[in-house]
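Number of protein chains: 2
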Amino acid sequence: MNELKRIGKQTVLFPSAPKMIATSSVVGPKEGEGPLGKFFHRVLKDDMLSKDTFEHAERAMLRYVMEDAILKQEGGFEGVDLLLGGDLLNQITSSSFVARELSLPFLGLYSACSTMSESLVVGAALIDGGFARRAVCGTVSHFASAERQYRFPLEQGTQRPPISQWTVTGAGACVLARDGVGPKIVRATVGKVVDFDVHDTNNMGAAMAPAAMDSILTHFLDTGTSAEDYDLILTGDLGILGSKLLCGLMEDRGFPIDGKHADCGAMIYEQEPEIDQGGSGAGCSASVLNSYIYGKLMRGELHRVLFVATGALLSSTSTQQGDSIPGIAHLVVIER
Amino acid sequence: MNELKRIGKQTVLFPSAPKMIATSSVVGPKEGEGPLGKFFHRVLKDDMLSKDTFEHAERAMLRYVMEDAILKQEGGFEGVDLLLGGDLLNQITSSSFVARELSLPFLGLYSACSTMSESLVVGAALIDGGFARRAVCGTVSHFASAERQYRFPLEQGTQRPPISQWTVTGAGACVLARDGVGPKIVRATVGKVVDFDVHDTNNMGAAMAPAAMDSILTHFLDTGTSAEDYDLILTGDLGILGSKLLCGLMEDRGFPIDGKHADCGAMIYEQEPEIDQGGSGAGCSASVLNSYIYGKLMRGELHRVLFVATGALLSSTSTQQGDSIPGIAHLVVIER
Chain A
1 MNELKRIGKQ
11 TVLFPSAPKM
21 IATSSVVGPK
31 EGEGPLGKFF
41 HRVLKDDMLS
51 KDTFEHAERA
61 MLRYVMEDAI
71 LKQEGGFEGV
81 DLLLGGDLLN
91 QITSSSFVAR
101 ELSLPFLGLY
111 SACSTMSESL
121 VVGAALIDGG
131 FARRAVCGTV
141 SHFASAERQY
151 RFPLEQGTQR
161 PPISQWTVTG
171 AGACVLARDG
181 VGPKIVRATV
191 GKVVDFDVHD
201 TNNMGAAMAP
211 AAMDSILTHF
221 LDTGTSAEDY
231 DLILTGDLGI
241 LGSKLLCGLM
251 EDRGFPIDGK
261 HADCGAMIYE
271 QEPEIDQGGS
281 GAGCSASVLN
291 SYIYGKLMRG
301 ELHRVLFVAT
311 GALLSSTSTQ
321 QGDSIPGIAH
331 LVVIER
Chain B
1 MNELKRIGKQ
11 TVLFPSAPKM
21 IATSSVVGPK
31 EGEGPLGKFF
41 HRVLKDDMLS
51 KDTFEHAERA
61 MLRYVMEDAI
71 LKQEGGFEGV
81 DLLLGGDLLN
91 QITSSSFVAR
101 ELSLPFLGLY
111 SACSTMSESL
121 VVGAALIDGG
131 FARRAVCGTV
141 SHFASAERQY
151 RFPLEQGTQR
161 PPISQWTVTG
171 AGACVLARDG
181 VGPKIVRATV
191 GKVVDFDVHD
201 TNNMGAAMAP
211 AAMDSILTHF
221 LDTGTSAEDY
231 DLILTGDLGI
241 LGSKLLCGLM
251 EDRGFPIDGK
261 HADCGAMIYE
271 QEPEIDQGGS
281 GAGCSASVLN
291 SYIYGKLMRG
301 ELHRVLFVAT
311 GALLSSTSTQ
321 QGDSIPGIAH
331 LVVIER
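Going line by line, the protein sequences match chains A and B.
Under my numbering, the residues of the first sequence are numbered 1 to 336, in order.
Under my numbering, the residues of the second sequence are numbered 1 to 336, in order.
Heads up, some of the hints might be wrong.
Same chains, same label: a pair holds when it works inside one copy or across any pair of copies.
To be verified - Subject to a maximum C-alpha distance of 30 Å in a straight line, what follows is the list of computed DSSO-like cross-link-like pairs (lysine-lysine):
hint: 1; residue 1: K72; residue 2: K9
hint: 2; residue 1: K9; residue 2: K244
hint: 3; residue 1: K184; residue 2: K9
hint: 4; residue 1: K260; residue 2: K184
hint: 5; residue 1: K5; residue 2: K184
hint: 6; residue 1: K38; residue 2: K9
In short, the hints are calculated from the structure, not lab data.
All chains, please: the whole structure from these sequences, using the hints.
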């Protein structure tokens with residue numbers, strides 16, 4: 001019988017510690033002007049990448065990071081057994097079409113803006129289980145394609161409420177490997193769907209914060225750790241308001257994270273009125289993790305990061321039909 | 001170092017052979033009147049299940065089969081560590097909301113009508129790798145929600161071309177387990193995205209047949225097997241025309257499957273003009289595999305089944321923007 005690699009209620013262990021051996025990131029011009037601009041591998045001058053539609057531009061960004069990450073590591077496509085990814089577009093077409101172009105076996109995933117961590121959870125498990133030598137994991141979002149799919153046509157010029165976030169135009173990818181050098185994925189907690197009955201589709205931070213709380217708290221209890229044991233607890237795209245809510249929820253439960261917490265959405269843009277609560281979108285945490293944070297891990301400025309990307313599992317149909325917005329947060333622990 | 005459980009180019013092995021210890025299926029009235037009607041666990045009299053929308057009815061069907069499969073096996077929810085699933089609705093809301101209601105850790109998947117086999121691939125890998133004791137895998141589709149999302153409002157009464165298929169109102173789920181009694185998942189081939197430049201969104205069979213060919217052929221070559229080694233090669237929802245295309249493609253490549261091949265979409269309905277080429281939809285293969293085929297495996301009428309559900313990875317946006325329809329087919333080998 002195979003050994004059970006589980007601890008506590010919901011946490012899994014990766015004894016062979018799959019390595020993040022190469023990463024890539026790309027962002028749009030607005031993200032490039034933000035405080036993390038110099039850390040991204042590529043900043044676009046034209047967020048259309050000369051394509052005819054927003055969706056085709058989004059696809060080109062995902063292709064770029066996946067190919068770039070694969071080609072950065074020794075062997076290139078040789079030994080890359082799987083492509084793991086998803087995106088926000090209906091039927092995850094960005095990912096499916098990139099998988100077609102790269103001609104790699106493909107497992108399509110969907111957990112909205114939690115897809116970067118979902119792909120790392122599944123990738124690390126498949127590598128630790130012996131089912132792949134290397135897997136490329138990643139996701140993407142594009143401001144313009146997300147706005148028109150989830151909210152309003154951009155041409156309409158709809159006024160944004162102050163609790164809203166700005167969907168990041170960005171993508172990130174990472175090659176996970178059995179062998180090689182890089183930060184290691186040592187544990188993960190697969191998230192549950194958590195719903196605190198938020199109905200406001202502009203308030204994504206409030207919809208996702210309870211899911212982040214649930215996964216972080218479960219991970220602490222399963223592993224007997226607390227915020228002190230990590231250099232950084234990095235959420236995906238709760239934004240400024242959502243981050244405050246998460247810190248409050250954790251405080252209430254006796255596991256404060258204030259000094260250790262940062263949020264990719266809260267850090268990616270300069271503060272300006274248009275941006276409101278910060279960034280969101282699957283590409284937000286994907287681009288920040290695979291550039292700025294990866295660099296800090298490689299240089300030894302961070303040793304142990306709890307990465308917990310957060311997703312809001314709504315669709316425009318579920319909203320129209322009166323459903324609340326469920327959230328999910330998949331969590332991985334990355335060690336230098 | 002962990003053992004590598006791969007063979008050939010693209011095939012993975014599950015030495016511990018995760019077992020399908022319990023299954024459930026539900027279908028609508030039309031499917032209940034078909035030749036497989038008496039094998040489904042539940043046939044609905046009302047395909048709305050007294051819900052207010054098609055989408056809420058679809059969700060209720062998925063919840064029913066997942067809960068039913070879980071409760072059929074000893075221990076019930078205890079020891080079920082994961083819910084793996086997806087569906088055709090934008091942002092896989094049927095699955096996400098069911099995961100919320102059942103409160104299980106959830107990995108959202110998307111590979112259109114190949115989701116049943118994708119969930120079995122990922123589930124078997126996670127169980128064989130030691131990351132879960134039991135996992136519930138499943139998917140759903142509903143004629144009315146799929147038609148209005150992918151094609152036209154039903155109220156419009158659009159005439160259907162003779163190459164079209166009828167989206168199955170149905171769901172299927174299965175509990176995979178480390179321990180227990182039931183048919184075993186012994187191998188899998190993760191599909192590549194294959195595109196033969198089909199643009200006709202009514203001709204799903206033609207769009208998906210090349211992907212089925214690619215996965216079956218790869219599996220044969222990776223494992224040194226051919227159609228003779230299986231009692232049944234069961235595709236998901238190619239329909240009658242798509243099945244003919246698949247058999248022709250396999251014949252051309254020197255690996256004929258004619259005598260061994262069956263297709264869930266081609267067998268689920270009585271032949272009548274309205275049905276055209278047969279059934280389609282993620283729920284088609286999910287409901288047939290987890291009822292009729294599962295029964296045959298349990299009774300020893302089948303010993304080794306190659307199950308290859310097929311998915312068309314289009315969205316209404318990709319179609320509107322002129323993209324062709326890529327297909328994917330994930331494959332598992334199930335042994336008694």
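Tested hints:
1. Only between protomers do K72 and K9 lie at most 30 Å apart by alpha-carbon distance; the minimum there is 22 Å, versus 38 Å within a single protomer.
2. Taking the shortest alpha-carbon separations for K9 and K244, only the intra-copy value of 27 Å comes in at or below 30 Å, while the best inter-copy value is 48 Å.
3. Taking the closest pair of Cα atoms, K184 and K9 come within 30 Å of each other both inside a single copy (22 Å) and across two copies (26 Å).
4. Taking the closest pair of Cα atoms, K260 and K184 come within 30 Å of each other only inside a single copy of the chain (20 Å); across copies the shortest separation is 45 Å, beyond that limit.
5. Taking CA atoms no more than 30 Å apart as the test, K5 paired with K184 passes in both settings, with 16 Å inside one copy and 21 Å between copies.
6. In this assembly of identical chains, K38 and K9 lie within 30 Å of each other by CA distance neither inside one copy nor across copies; the values are 40 Å within and 39 Å between.
Violated hint for the displayed structure: number 6, the only one.
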